[in-house]
Structures are given as C-alpha cells and as structure tokens.
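For this one, chain U is given, so just place chain C on it according to the hints.
So the sequence lines, in the order shown, correspond to chains U and C. Going by my numbering, the first sequence opens with residue 241, and the numbers climb by one from there. Going by my numbering, the second sequence opens with residue 102, and the numbers climb by one from there.
I should point out that these hints are in silico values taken from the structure, not numbers from a laboratory. Misleading hints may appear alongside valid ones.
[Unchecked claim] Selected chain C positions facing chain U (in silico; Cβ < 10 Å): (1) Gln226; (2) Ala274; (3) Glu276.
[Stated by the list, open to error] Not close to chain C: a few residues of chain U, all C-beta gaps over 10 Å, as computed: (4) Ala242; (5) Pro248; (6) Thr267; (7) Ala273; (8) Asn274; (9) Asn278; (10) Asn297; (11) Glu317.
Note that beta-carbon positions come from the ideal geometry of N, C-alpha and C, so glycine has one too.
Chain by chain, the residues run as shown.
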Amino acid sequence: MATEVRVPTILREFTGGEKAVTAEGPTLQAIIANLDANYPGIGGRLLDSSGLRRFVNVYLNDEDVRFLDGLDTAVTERDAITILPAVAGG
Amino acid sequence: MRLWAKLEDRNPTGSVKDRAALAMIRQAEAEGRIKPGMTLLEPTSGNTGISLAMVAKQHGYKLICVMPENTSIERTQLLTMWGAEIITSPAAGGSNEAVRVAKGLAAQNPDWVMLYQYGNEANAQAHFDTTGPELLDDLPTITHFVAGLGTTGTLMGVGRFFREKKPDVQIIAAEPRYGELVYGLRNLEEGFIPELYDASVLTSRFSVGPMDALRRTRELLEVEGIFAGISTGAILHAALGVAAKVEQAGQVADIAFIVCDGGWKYLSTGAYEGTLDEAEAAIEGQLWA
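Just chain U, with the same shape it has in the complex (with noise of 0.2 Å):
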C-alpha cells in the first residue's frame, strides 16, 4: 500500500528533486517513518520531539491533519499527503 507525498521545494534536495513521491504505513507517523527510511534526514526536518514541526503543515487530501489525529490521523493509498511550509498570506 503506498500513498503519494508531495514535497515541497525546500524538502526535495532529500527525495532526488522529485516533487512526489511514495511512502508506506496505516498512519501519518508511519508515513513519515517510512519516508525517512527511504530519504534519510527527510523526517528530521518535518518533525522534533514535540510531534510536526511548528512551520510545517501537512495535509490529508487538503484537510490540514492538526485539525484531524495528527500523526496519529489514519492513512490509505487513496489519499494524498501534501506538505507545505507555512508562509504568510493577506
């Protein structure tokens, strides 16, 4: 089962340039596990002890995965995972 990741600029010197990519795993957390076993450094970056990175936002099918379980937020190959910087808007 693999679901699509897309990767944001500034996180694709870790997958080759690719601009998505696959990973594995029933949740947000094993998702992101799994890509670090595949792009190593790549999780370092989207997580710290606390859990998501404060400037990092994901979301499953553009719903942003906060306001779901977190890393804990369930995951299928039917669903998209897009990560994203957080920038200013207005």
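Same frame as chain U, but now just chain C:
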C-alpha cells in the same frame, strides 16, 4: 442544506479588509500612537493596503505599503489612486518577504508606525464586533462559518464571537495553496504564522489549490451571478466540501461563507478568460488571494 454568501465586496474599497483597516487606525488613534501627518507602514498583498490607504487619506496620514511584486496590476493602481506609496518586495517568498522587508524598514525609520495586520488585535476585534454579530443577526440558524486564512483576523474574530454566543457553530478556514514560487523559502525556519493565529478557535482548516479556486470562482459567477475574486473561490470550495460531508451524514446546515472581494482587481490575471487550464497557467506564480 443552504449556503449563504456574506458579500464583503460591498465595503467602500471593495474588500473585507476595510473592517480591519478602520479598526486598526481608530485603535491606534485612541491609544495616542498616531496623529494626522504621521507616516504609516504596512506589509500587504493588496487588499489591506488599499483599505488602509482609503482610511489614511480620510484621516490625514501618509501610507507606505510593502507589497510583493507578483500581485495584480490593479492593486498597484488602486493603491496609487488612494495616495499610497508602494515599495515592492521580491516575488519569491510571497508575503513572507513583504513582512520581512517591512519589519526592516520599521526598524530603520522609528518615526513610521507599522499597524501590522498580522499581529494587531484590532484586526480580529473588528470582526468580533461587527462581522460576527451581523452574521448571527441575519442568520440565527447558522451552523458553519467559512472564511479565508490570511492574517487570520476574520476567522479569529468571528470564531471567538461564536464561541461566546453560539459555541456549536463550526469555524472553517480555507487557505490558498499558491504556486511553488511563493513557498520559495531558504529554510523552514523562515516560515511564518501570524501572531493573531490561535488554532483552538478553528474546527478545521483546508488548503485549496488554484484549479479548485478558479473553478468555484467561475461557478459562483455563472450560477449565482456573483463576480468574486479568486480567494472567494477557494473559500467556496471548502464550504462545498463541508456541505457534502454534512449532507452525507443526513444532517441539515446553514453554512455562511465570506465573499472577500470582487473580481475587478484580478481581471488582468487572466482568471476569468479561456479554459480553466489556461487560467491556472496564467495565475501560476502570482499571489491570487
């Protein structure tokens, strides 16, 4: 299932930001921080600057706006019309760069006053005092409120109002997902979260890409005759997503969403011409919300 559009494009300068601009200037005047003749400085992607420029002109202030260079020409024209001076910030990095440049200018020019929409409580308070009560008066059966997440002022103010007056109303944020250029940070630590933002006020938050935003903007035009800006399409997309979920659950809802501004300022972007693919290509790299 009913969707209700709150037409904030009918404000004097044509956007929801008139509320925040007037409130921030009035608050600063009441605190004695500003008096006529002084210079105001503000980072803006456009609408807040245009609103501030109108109020500044009426109250006798000079306004300098720091605006990313990848915004529509109409925004520059309107700012100029209202007498504001514009300093452009680099396209890469979007509004983050405008904030950074403005903070630098404020440090170099201590006699300029930056009202700073991202951290000014009067921005959210304006919506607590006006937008929220208007919604509840006009739509006592409201179940959901959907708005754009820029400075977060609208969502924080209206959200807190409903937390007090009708706590079961769901507060839903729609944030624009721009092209890659806008996320061109050098590192993640350069990310930006408005000081006003309090996640606990929100029920959920959606990121809406340009294609969905454009499609809904055009649907709003074709089905309802509402000529709105592109960010309103993003908000409508989130509102319709919520509506679909509610309907699936067999429930009824009165969902109110914000029409932030009219489409006039975005005509030059190509958003309203040709196929959706052409329009998407046309707005790539632009700050369309």
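Hints and how they fare:
no.	hint	verdict
1	Gln226	violated, 16 Å
2	Ala274	holds, 8 Å
3	Glu276	holds, 6 Å
4	Ala242	holds, 22 Å
5	Pro248	violated, 5 Å
6	Thr267	holds, 19 Å
7	Ala273	holds, 19 Å
8	Asn274	holds, 21 Å
9	Asn278	holds, 20 Å
10	Asn297	violated, 7 Å
11	Glu317	holds, 21 Å
Figure legend: structure checked against the earlier numbered hints; hints not met, in rising order: 1, 5 and 10.
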